[in-house]
Amino acid sequence: QKEVEQNSGPLSVPEGAIASLNCTYSDRVSQSFFWYRQYSGKSPELIMSIYSNGDKEDGRFTAQLNKASQYVSLLIRDSQPSDSATYLCAGYNQGGKLIFGQGTELSVKP
Amino acid sequence: DVKVTQSSRYLVKRTGEKVFLECVQDMDHENMFWYRQDPGLGLRLIYFSYDVKMKEKGDIPEGYSVSREKKERFSLILESASTNQTSMYLCASSLHYGYTFGSGTRLTVV
Numbered sequence: 053q054k055e056v057e058q059n060s061g062p063l064s065v066p067e068g069a070i071a072s073l074n075c076t077y078s079d080r081v082s083q084s085f086f087w088y089r090q091y092s093g094k095s096p097e098l099i100m101s102i103y104s105n106g107d108k109e110d111g112r113f114t115a116q117l118n119k120a121s122q123y124v125s126l127l128i129r130d131s132q133p134s135d136s137a138t139y140l141c142a143g144y145n146q147g148g149k150l151i152f153g154q155g156t157e158l159s160v161k162p
Numbered sequence: 026d027v028k029v030t031q032s033s034r035y036l037v038k039r040t041g042e043k044v045f046l047e048c049v050q051d052m053d054h055e056n057m058f059w060y061r062q063d064p065g066l067g068l069r070l071i072y073f074s075y076d077v078k079m080k081e082k083g084d085i086p087e088g089y090s091v092s093r094e095k096k097e098r099f100s101l102i103l104e105s106a107s108t109n110q111t112s113m114y115l116c117a118s119s120l121h122y123g124y125t126f127g128s129g130t131r132l133t134v135v
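These protein sequence lines map, in sequence, to chains A and B.
Just so you know, we're using my numbering here: the first sequence kicks off at 53 and counts up by one.
Just so you know, we're using my numbering here: the second sequence kicks off at 26 and counts up by one.
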């Protein structure tokens, strides 16, 4: 099993809908997680971090961490075309390095 | 805000040339990283450094070396550029949790 796994997508949602992005992780990954947004041709930008079991909200974004099931998700409410990007999930491995998933491409259709 | 600056946005080099990619961060971060990103392969760690004069190999160090003479600067060196090193190169830095990325250098080797 890969340390951090994401569905590559593309995930397509209509404008105004909730986009749900999911990520699973192995036992080799610690429980501090990050979501990065990467626009085409640009570098990743940190948008959310979550360290504790449960939900963390920031504006239209909610990160969810479920340690028992080893998954972390990102919900984007009221999706906008400007949210169209690739979203990368990342977590620290036991060697102290941040491990990235392959990314999920999100497309928000007007 | 932490700023991570990569000296070149786009670079075209010839096969066999020695190539230097420079990265500078302005927030006194201990940790610096070099990644390359290719379609379908995600982010792959080339080298990282946790302190001045210190360097560690990442997952794909072959064909690369690094230099960290000062805390704020981490350079990636392609000893003899080859066409399979055509890629987007991303530098990142961190203090404790989460990485901040530079804007990236798109290198083409012809």
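Take the hints with a grain of salt, since some may be wrong.
[What the hints assert, rightly or not] As a list, the in silico DSSO-like pairs of lysine-lysine whose alpha-carbon atoms are at most 27 Å apart:
id	chain 1	residue 1	chain 2	residue 2
1	A	Lys-149	B	Lys-80
2	B	Lys-80	A	Lys-119
3	B	Lys-28	B	Lys-95
4	B	Lys-38	A	Lys-149
5	A	Lys-161	A	Lys-119
Calculated directly from the structure, the hints in this document are not laboratory data.
Nothing here was measured: the structure is a model prediction, and the numbers come from that model.
* To do: May I ask which of the numbered hints given earlier this structure violates, with the numbers listed in increasing order?
  => Numbers 2, 4, 5, in rising order.
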